[in-house]
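Take the position in the sequence shown, starting the count at 1, then add 3; the result is the number in the numbering used here.
Certain hints may be false.
As the list claims (entries may be wrong) - Only pairs whose alpha carbons sit at most 16 Å apart, straight line, appear in this in silico EDC-like list of lysine to aspartate or glutamate:
1) K60 - D33
2) K200 - E279
3) K60 - E11
4) K129 - E216
5) K393 - E406
6) K337 - D296
7) K339 - D240
8) K339 - D382
9) K339 - E313
10) K337 - D229
11) K129 - D25
12) K60 - D25
13) K200 - D240
Said to hold, decoys possible - Quick list of simulated restraints, FRET-style, between CB atoms:
14) A409 - M243: 48 to 58 Å
15) R26 - P208: 28 to 38 Å
16) D296 - R203: 41 to 51 Å
17) F12 - Y357: 41 to 51 Å
18) G388 - E279: 35 to 45 Å
FYI, nobody ran anything at the bench for these hints, they're computed from the structure.
Using N, Cα and C, we set each Cβ at its ideal position, and we do this for glycine too.
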Amino acid sequence: MTVVSVREFATLTTDVVEPTLDRATLASEDFAWLARRTAKTDAGARPVRFEGLRTLKVLNLVGVIRLPSGVDLEILPKHTEAGDSLPAARRLLFRMIAAAHDIPAREIELADLQVLDRPFTEWMAKTFIEQVAQLLGRGLRFDYLRQESREPYLRGRLDLARQLRAGPSALLDFHISHDIFTIDRPENRSIRAAVDKIARFTRAPATWRIARELSALLAEVPPSLDVQSDLSRWRDDRTMAHYRAVRPLCELILTERTPFAVSGQDQALSMLFPMERLFEAFVERSIRRALPDHRIHRQPRTHSLCRYDERPWFDLRPDLVARRGEETLVIDAKWKRLHSDPSLRFGIAQSDVYQLHAYGQAYLGGHGELHLVYPRTADFPTTQGPLRMKPGLRLHIRSIDLESGALSPLEANLPKTQVSMMAGAS
């Protein structure tokens with residue numbers, strides 16, 4: 004297994020350079036293949052852009068791309084200016100993906116030990132295969148499936164409507180419907196599809212061997228003809244409790260694909276994720292843990308910037324709105340690194356402040372608390388109070404620990420000193 008590991012905003016070149024997380028050398032065919040994908044895809048994302056004739060810059064999609072030569076290009080989060088260690092960056096990527104896809108905490112703890120020496124996709128394949136093996140040990144769930152047929156004997160229920168329509172020529176046959184107890188159900192078809200995909204594309208010999216064995220055990224399960232439909236029909240009642248552990252990774256393997264692939268969407272275990280969305284999900288999980296008494300709404304669409312012909316235009320959608328009684332908090336997550344230089348406004352983007360001001364007017368009526376959450380770094384600023392906006396909005400700059408998920412307090416007492424962000428604020 005050949006893996007080239009870089010992080011966001013690294014440079015890729017055909018020149019021979021000393022490999023680091025911020026630069027790497029690719030074979031000419033792989034470089035040319037990536038270069039052809041500098042335009043946005045149908046999914047609205049692109050992994051790289053040109054920096055020169057023989058240089059590409061990685062953008063903020065993270066994950067793994069399998070290149071035409073068979074090399075896996077691993078793109079990891081960049082959360083410090085200094086060169087991050089490869090194991091630490093891999094752990095961070097996994098925690099972000101786990102938060103976005105509800106992977107249980109136990110799997111996160113195990114991954115901290117296992118994900119150090121392999122890309123995320125190989126860890127995911129290994130973990131899912133182990134989960135399926137445990138599920139098969141407990142037994143697959145069967146279900147009743149209604150069948151309709153024309154038989155020379157009566158079985159189940161006679162379908163009178165079909166029988167009458169058949170006419171005298173069918174008097175010797177019965178149009179019947181009956182139930183059969185079968186392994187053919189959406190959950191089992193989805194699991195077989197994911198196991199078969201891993202068996203085709205994993206690079207780890209042990210994972211491949213177990214996947215092939217499981218594929219043989221699942222041979223009686225019919226193949227899925229519509230993966231999306233099967234996943235949407237996955238039942239989560241009490242009788243399916245032992246299936247819950249496998250569902251998050253099964254959905255991830257079958258649906259979370261890179262916006263482009265070498266030759267069609269099913270050619271490899273390639274996955275790319277927008278880093279901003281992963282960070283938003285990571286923050287949301289921490290917010291729910293920090294504010295258990297609040298109702299958390301993800302990207303509500305209850306307000307818009309304006310209306311035209313009674314139709315709302317330009318939705319105002321903060322990442323999170325937390326409510327408890329009369330209290331409302333508006334929270335937005337930004338995957339950006341701040342610094343401690345106040346002369347440069349700590350690196351806070353003016354557009355982000357404008358955006359939060361619009362949220363405050365719409366969701367808080369111009370009075371209340373706004374929160375911007377950034378990744379915590381060694382150079383994170385210590386602000387002397389919230390940023391104050393007219394007429395009564397206060398914008399708090401919060402940080403989140405990328406290791407533990409711990410947030411700086413969202414409901415701390417307001418400091419005495421406040422920083423005015425609007426001319427003439429009182």
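Is it true that the CA of K60 sits at most 16 Å from the CA of E11?
Holds, at roughly 9 Å.
Sort out whether D382 lies within 16 Å of K339, counting only the CA atoms.
Given that 16 Å is the threshold and the Cα spacing comes to 12 Å, the pair holds.
For the hint 41 to 51 Å, verify it against the beta carbon of D296 and that of R203.
About 47 Å separates the Cβ atoms of D296 and R203, which means 41 to 51 Å holds.
Under the criterion that the straight-line Cα-Cα distance not exceed 16 Å, is the pair K337, D296 satisfied?
Not OK: K337 and D296 at ~24 Å, beyond 16 Å, violated.
Given the hinted pair K200 and D240, is their Cα-Cα distance within 16 Å?
27 Å, violated
Taken at face value, is the distance from the CA of E279 to the CA of K200 at most 16 Å?
Roughly 28 Å between the alpha carbons, so the hint for K200 and E279 is violated.
Restraint status (C-alpha distance of K129 to E216 at most 16 Å)
Roughly 13 Å separates the two Cα atoms, so the pair holds.
Is the distance from the Cβ of A409 to the Cβ of M243 consistent with 48 to 58 Å?
The hinted range 48 to 58 Å is violated for A409 and M243, with Cβ atoms some 34 Å apart.
Could one say that the CB atoms of R26 and P208 fall in the range 28 to 38 Å?
Holds, at about 31 Å.
Between K339 and E313, is the straight-line Cα distance small enough, at 16 Å or below?
Status violated; Cα separation ~37 Å.
Between the beta carbons of F12 and Y357, is the distance compatible with 41 to 51 Å?
25 Å, violated
Under the criterion that the straight-line Cα-Cα distance not exceed 16 Å, is the pair K129, D25 satisfied?
28 Å, violated
Figure legend: structure checked against the earlier numbered hints; hints not met, in rising order: 2, 5, 6, 7, 9, 10, 11, 13, 14, 17, 18.
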